[in-house]
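Visitor: Mind docking chain B on chain A? Use the hints.
Chains as they are written, first to last, in the numbering used here: chain A, 1 to 64; chain B, 1 to 420.
Derived by calculation from the structure, the hints in this document are not laboratory data. Hints are all accurate, no fakes.
Here are the computed lysine-lysine pairs in the DSBU-like style, where the Cα-Cα straight-line distance is at most 35 Å: (1) K57/A - K51/B; (2) K2/A - K57/A; (3) K2/A - K51/B.
Under 8 Å between C-beta atoms, here's a sample of chain B residues computed to sit facing chain A: (4) W295; (5) V299; (6) Y323; (7) W325; (8) T382.
Some chain A residues flagged as far from chain B (calculated, every beta-carbon gap over 12 Å): (9) E7; (10) A39; (11) P40.
Even glycine gets a Cβ: it sits at the ideal position worked out from N, Cα and C.
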Amino acid sequence: MKVILDELRCDGHGTCVDACPQVFALGDDDEIVTILNDAPPEELRDAVRTAVRVCPKAALTLSD
Amino acid sequence: VRRAISEIVVVGGSLAGVAAIEELRGRGYCGRIVLVGAEAELPYDRPPLSKQVLTGTLSARSCRLRDDDWHDTHEVELALGTWATALDPGRRELTLGDGRTTSYDGLVIATGVTARELDGPRLSGVHTLRTLDDAQALQRAFAHGSRVAIVGGGFIGAEVAASARAVGLEVTLIEALATPRARVLGPTVGTVCGRLHTDHGVHLRCGVPVRSVAGIDGHVDRVVLADDSIVEADVVVVGLGVRPAVAWLDGSGVEVADGVLCDAACRTNAPGVVAAGDVARWPHPTLGSIRVEHWQNAVMQGCAAAAALLEPRRTEPYGPIPYVWSDQFDVNIQVAGEPRAEDEVAILGTPDDYRFTALYGRHGRLSAGVSFNSRGATRRVTRLLAAGASFERAQEAMHDPGPLPLPAVAFIPDPLGEVT
Numbered sequence: 001m002k003v004i005l006d007e008l009r010c011d012g013h014g015t016c017v018d019a020c021p022q023v024f025a026l027g028d029d030d031e032i033v034t035i036l037n038d039a040p041p042e043e044l045r046d047a048v049r050t051a052v053r054v055c056p057k058a059a060l061t062l063s064d
Numbered sequence: 001v002r003r004a005i006s007e008i009v010v011v012g013g014s015l016a017g018v019a020a021i022e023e024l025r026g027r028g029y030c031g032r033i034v035l036v037g038a039e040a041e042l043p044y045d046r047p048p049l050s051k052q053v054l055t056g057t058l059s060a061r062s063c064r065l066r067d068d069d070w071h072d073t074h075e076v077e078l079a080l081g082t083w084a085t086a087l088d089p090g091r092r093e094l095t096l097g098d099g100r101t102t103s104y105d106g107l108v109i110a111t112g113v114t115a116r117e118l119d120g121p122r123l124s125g126v127h128t129l130r131t132l133d134d135a136q137a138l139q140r141a142f143a144h145g146s147r148v149a150i151v152g153g154g155f156i157g158a159e160v161a162a163s164a165r166a167v168g169l170e171v172t173l174i175e176a177l178a179t180p181r182a183r184v185l186g187p188t189v190g191t192v193c194g195r196l197h198t199d200h201g202v203h204l205r206c207g208v209p210v211r212s213v214a215g216i217d218g219h220v221d222r223v224v225l226a227d228d229s230i231v232e233a234d235v236v237v238v239g240l241g242v243r244p245a246v247a248w249l250d251g252s253g254v255e256v257a258d259g260v261l262c263d264a265a266c267r268t269n270a271p272g273v274v275a276a277g278d279v280a281r282w283p284h285p286t287l288g289s290i291r292v293e294h295w296q297n298a299v300m301q302g303c304a305a306a307a308a309l310l311e312p313r314r315t316e317p318y319g320p321i322p323y324v325w326s327d328q329f330d331v332n333i334q335v336a337g338e339p340r341a342e343d344e345v346a347i348l349g350t351p352d353d354y355r356f357t358a359l360y361g362r363h364g365r366l367s368a369g370v371s372f373n374s375r376g377a378t379r380r381v382t383r384l385l386a387a388g389a390s391f392e393r394a395q396e397a398m399h400d401p402g403p404l405p406l407p408a409v410a411f412i413p414d415p416l417g418e419v420t
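Chain A on its own, in the form it takes in the complex (with noise of 0.2 Å):
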């Protein structure tokens, strides 16, 4: 599993955040978010669907 962002569609809205910290950050002072862990572990894998969902931008995809 490979979460990309597109860091020119991302807003820092930080929904993904929300949906699954293990994966993704937002600084206070971040415009952007942050991929902690870009190869993340099986477990996730609902968390992080969500993020992708949950995306206002449509700034993340997932690969297998």
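Guide: Same frame as chain A, but now just chain B:
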């Protein structure tokens, strides 16, 4: 006897309907899906309508929610440009605007809302903004207009004002209350919202309601306020909120009261009928009876409603933490939770340079957070809301985060379906 579901009709071709369909397919439903949408367009995203579409920086095509082959890959029969006109839950039958009827085992109501209009005769130059057609018409009006009056200082009115300034128009924002946004955000944050506009050259007219719009030869040329004062304008945008699109349910027996009434799991009183998105009113586990008109809610409630349809015994209440954002000028505003005008407010940061977070407290508990240009702060507010933090504890935690409980992603339907 529970009937097997093999025909699902989704009424409403926007975000909640799309999310519901993806959740249905993700959960392995492989029966028929028909998507009925009043607009002829493929499903599109609404946030850009008040911003990039108005300034001409984003094409209509770029607003589409999904790739053009989405309905093929998800095996969805499209009935776009088609109104639903009547529902017969006893016969499980939906009537469409062209007179056709279609039967269903499961139905998702996701018809959204329509913009409120001003009473009185229709004049050209007077606009509302809800659909892509509306946005394109307003963009053309901006291209030929010079003075814009915006009636209503909510998020839509504020974003339209910012877009009109961006294309060089003279803008007057008319708000009936003494302070814009005060009805929801309270006077402290409302005052900052007002100043953001005057800083960018918007004329603010607060505290006087609109009486009427008037014009000559059928084209608007002024807005008349209740004190007889006049705001001259060749383009008027009415941003006075919305009404749930439920007229087609008249006589169906589906309960409606400022939205389609649902139970905690998004089911209506009609068998096999669920509702999601702007149109749905449901008992939120901690916030009481609410209807939420936000992007995030449309996605998550679409998923929750789809889950309820496929799992008749599912009782898990749908209990998201509301989240909404607005981009105005160079400021990104984020709201988590449900602020109310009468809540206590604690300001962290500096409102003077539009970089701060306002925490809202009610009965000693954190009720909401509103942040300006402080994106990370909203995520912390969301966690604190999920943890049910006290107002006092929330202020400390914002100043000195320390370890916060991990989220509690209370708002995500569980278990999740596959995303294809």
